[in-house]
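**Student:** Could you build all of it, start to finish, from the sequences and the hints given here?
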Amino acid sequence: MDIRIIKAPSAGTMNIIRSRSGARWGEDFSPAAVGLVQGKLIDMVVASDIAEKTAGVRVTDVRGSCPQNMVLLAIAGDTAEVVECLGRIEREGGEANGYR
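If you read the sequence shown in the UniProt record's numbering, its first letter stands for residue 1, the second for the next number, and so on.
Just so you know, not all the hints are guaranteed correct.
[What the hints assert, rightly or not] Pairs of lysine to aspartate or glutamate residues, derived as EDC-like cross-links and limited to a Cα-Cα distance of at most 20 Å, are as follows:
1) K40 <-> D2
2) K40 <-> E52
3) K40 <-> E90
4) K53 <-> E84
5) K7 <-> E27
6) K7 <-> D61
7) K40 <-> D61
8) K53 <-> E92
9) K7 <-> D28
10) K53 <-> E90
11) K7 <-> D78
12) K40 <-> E92
13) K53 <-> E81
14) K7 <-> E84
15) K7 <-> E90
16) K53 <-> D78
17) K7 <-> E81
[Said to hold, decoys possible] Now the in silico label distances, taken between C-beta atoms and shown as ranges:
18) D78 <-> A11: 17 to 27 Å
19) S21 <-> G56: 10 to 20 Å
20) R4 <-> E92: 11 to 21 Å
21) E27 <-> E92: 28 to 38 Å
22) E27 <-> R91: 30 to 40 Å
23) G12 <-> I42: 25 to 35 Å
24) E27 <-> D78: 15 to 25 Å
25) K53 <-> I5: 16 to 26 Å
26) R91 <-> A11: 24 to 34 Å
27) S19 <-> R91: 28 to 38 Å
Source of the hints: derived by calculation from the structure; they are not laboratory data. Source: prediction; values computed, not measured. C-beta atoms are modelled at their ideal positions from N, C-alpha and C, and glycine is treated no differently.
**Tutor:** Written out as structure tokens, the structure is:
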């Protein structure tokens, strides 16, 4: 999994996320931070579940055109909550989950 964070995302960055995610987040939604997590579909479903159970964040998938079936999640909310979610995803998500 690749994991990144954008603190205080710009209006243009939010527009990219909105347009690539089917506009699930309205124009009025401007989070303090957006965490980006990219990986295999199975890992992204687990990551989404971890994020939503960890903190009061909003999660959406960002559609791309990767032939390897990679999926990108955007996890938005308060900076501390997003950081907490990303840390937990890194520790518990993906292959660290223990099932193969």
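**Student:** Hint by hint, say whether it matches the structure.
**Tutor:** Against the structure, the hints come out as follows:
{"no.": "1", "hint": "K40 <-> D2", "in the structure": "10 Å, holds"}
{"no.": "2", "hint": "K40 <-> E52", "in the structure": "18 Å, holds"}
{"no.": "3", "hint": "K40 <-> E90", "in the structure": "14 Å, holds"}
{"no.": "4", "hint": "K53 <-> E84", "in the structure": "11 Å, holds"}
{"no.": "5", "hint": "K7 <-> E27", "in the structure": "18 Å, holds"}
{"no.": "6", "hint": "K7 <-> D61", "in the structure": "19 Å, holds"}
{"no.": "7", "hint": "K40 <-> D61", "in the structure": "12 Å, holds"}
{"no.": "8", "hint": "K53 <-> E92", "in the structure": "12 Å, holds"}
{"no.": "9", "hint": "K7 <-> D28", "in the structure": "17 Å, holds"}
{"no.": "10", "hint": "K53 <-> E90", "in the structure": "15 Å, holds"}
{"no.": "11", "hint": "K7 <-> D78", "in the structure": "9 Å, holds"}
{"no.": "12", "hint": "K40 <-> E92", "in the structure": "15 Å, holds"}
{"no.": "13", "hint": "K53 <-> E81", "in the structure": "11 Å, holds"}
{"no.": "14", "hint": "K7 <-> E84", "in the structure": "14 Å, holds"}
{"no.": "15", "hint": "K7 <-> E90", "in the structure": "18 Å, holds"}
{"no.": "16", "hint": "K53 <-> D78", "in the structure": "15 Å, holds"}
{"no.": "17", "hint": "K7 <-> E81", "in the structure": "12 Å, holds"}
{"no.": "18", "hint": "D78 <-> A11: 17 to 27 Å", "in the structure": "19 Å, holds"}
{"no.": "19", "hint": "S21 <-> G56: 10 to 20 Å", "in the structure": "19 Å, holds"}
{"no.": "20", "hint": "R4 <-> E92: 11 to 21 Å", "in the structure": "18 Å, holds"}
{"no.": "21", "hint": "E27 <-> E92: 28 to 38 Å", "in the structure": "33 Å, holds"}
{"no.": "22", "hint": "E27 <-> R91: 30 to 40 Å", "in the structure": "34 Å, holds"}
{"no.": "23", "hint": "G12 <-> I42: 25 to 35 Å", "in the structure": "31 Å, holds"}
{"no.": "24", "hint": "E27 <-> D78: 15 to 25 Å", "in the structure": "20 Å, holds"}
{"no.": "25", "hint": "K53 <-> I5: 16 to 26 Å", "in the structure": "19 Å, holds"}
{"no.": "26", "hint": "R91 <-> A11: 24 to 34 Å", "in the structure": "32 Å, holds"}
{"no.": "27", "hint": "S19 <-> R91: 28 to 38 Å", "in the structure": "32 Å, holds"}
In this structure, none of the earlier numbered hints is contradicted; all agree with it.
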